[in-house]
Amino acid sequence: MSPVEQDQRADAAAREEKELLARLRAGDERAFESLVQSYHGTMIAIAGTYVRTRAVAEEVVQEAWLGVVDGLDRFEGRSSLRTWILRILVNTAMGRGTREARSVPFSSLAAADEHEPAVEPERFRPPGQAFAGNWTAFPGDWSLLPEEKLLGRETLEIVKARIEQLPGAQRTVIAMRDVAGCSAEEVCDLLEISAANQRVLLHRARSKVRAALERHLDA
Amino acid sequence: MPEFREHISCRELVELTSDYIENALSAEDAELMEQHLNYCAGCERYVDEMLRTIRAEGRLREEGVPGETLTPIITAFRERRRS
Amino acid sequence: MIAYKFLRADGTSPFATFRWDLPDTKPGGWVEARVDPCRSGIHACRPGDLPFWAGDSLYEIEVDGEIVEGRSKLVASRGRLLRPVDAWDDELRGAYARACAERAHELAFGATPPLEDWYAMAEASIDQGAGPIGFVTARIAEEALGPDGHRTERARQAAWLVEQLGLGG
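Chains as they are written, first to last, in my numbering: chain Z, 1005 to 1223; chain A, 29 to 111; chain H, 118 to 286.
Bear in mind the hints are in silico, worked out from the structure with no lab data behind them.
Each residue gets a CB set at the ideal place from its N, CA and C atoms; glycine is no exception.
It is possible that part of the hints are untrue.
Computed cross-link-like contacts, SDA-like style, restricted to lysine to any residue with a CA-CA straight-line distance of at most 20 Å [unchecked claim]:
hint, chain 1, residue 1, chain 2, residue 2
1, Z, K1212, Z, D1193
2, Z, K1212, A, E34
3, Z, K1212, A, G70
To spell it out: a stretch of chain A is covered by chain Z in this simulated footprint if at least three of its residues, at any positions, have a beta carbon under 8 Å from a beta carbon of chain Z; those stretches are [as the list claims (entries may be wrong)]:
hint, region
4, 32-44
5, 54-64
6, 68-74
7, 78-84
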């Protein structure tokens, strides 16, 4: 994509958001429902990293949506609508997390994680051998798989389940970035983590989800 | 200044893949990565798998929200926006 | 400035989805992009860079505007494809692979002790394309001759390509 096309796309997104906001303020239920459909799942995943149970996460997200509804008229458009919604969620979840005595600073969660390789070391030629560190056998070729296999129900369930099992900080970052489609800057800002930290968490999370898919698809 | 490296291994490449997709590698690392992808079909597949994984993750966003969850939120919207 | 560019058989760049306007009897149209090496810009090879990027089809490209030269490529703000380098065909690709493999054999068995395991990889790569066999041979040169062996072998491969392709470089 050329820089010009990127700018055009950003303009179009900004226009769409303005229209959406006007419809929401006018009480357009269908617009609101599609907003909930877009972000609810991600919000559950994010809330789940702050509170103990799925039930509490559901409550937190419900509460956050009420905050969104009440705040619509006050939203000034200084951030994107998505960032604003997720900020309300994170604040609600943190408040709830504190009451549940599970509020660990996010940055410490992110740092506590020790090194874990993206791919098991056994899959590469061992040190000392010719071409050490190269694949012993190549990964599978997913471009040969039919689309239904790659994006079908069964595959998506595996992706979802693996994301849910990720350690808290990795799960929040991957949910925001790859599921909700937030930018790296938005995530750093919302979670108050550094750009480097965000990238490490995303890398680890993506590597694990890919590995889970590989076990499923190449089986 | 560290001596410039001539190449990276597959084992190193997999650790750089997410940052490569993020456009977050230094120009030197990105160049080594692309050189590697030009001669290694295994890593080309790995990067392709990662891109497809991210695409699948994006599909989760389109998941339906169950009615029992959705209804109270929509009701609240209706009531509060009316007042 | 005249440089070279490898594209996939369908006219797309290997590391981007951009599809080039291919030249026929006249050059393709100019393409413009912001220069940010490996992220944005028109990426092209100087003659010495050819072995690093060897791919399906090769074009002569005119680059202009802001030009940043990197270790194994240049990045420009403007470029247009001038003509296909037709000499880069199946026959020449095969000859390049064989020349690399012979060189790998010479390097591997000229070393003490002989680098048999390393040479096995060259044999396995001969049918994998110009990219793999070129790398494997340069890697064997490094193992046989020391750290500078890699770069020296790449320069040797480039000289072979320039001569066989009849490029002005």
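Each hint tested on the structure:
Between the alpha carbons of K1212 of chain Z and D1193 of chain Z the distance comes to roughly 24 Å, so the proposed pair goes past 20 Å and is violated. A distance of roughly 29 Å separates the Cα atoms of K1212 of chain Z and E34 of chain A; the hinted pair therefore is violated under the 20 Å criterion. Distance hint between K1212 of chain Z and G70 of chain A is fulfilled; the C-alpha atoms sit about 18 Å from each other, no more than 20 Å. Counting residues of the region 32-44 of chain A whose beta-carbon sits less than 8 Å from any beta-carbon of chain Z gives 6, enough to reach three: the coverage restraint holds.
With 0 residues having a beta carbon nearer than 8 Å to a beta carbon of chain Z, the region 54-64 of chain A misses the requirement of three or more and the stated coverage is violated. Taking a C-beta to C-beta cut-off of 8 Å, the region 68-74 of chain A contributes 6 residues in contact with chain Z, enough for the three needed, and the coverage statement holds. With a cut-off of 8 Å between beta carbons, the region 78-84 of chain A has 6 residues touching chain Z; three or more are needed, and the interface restraint holds.
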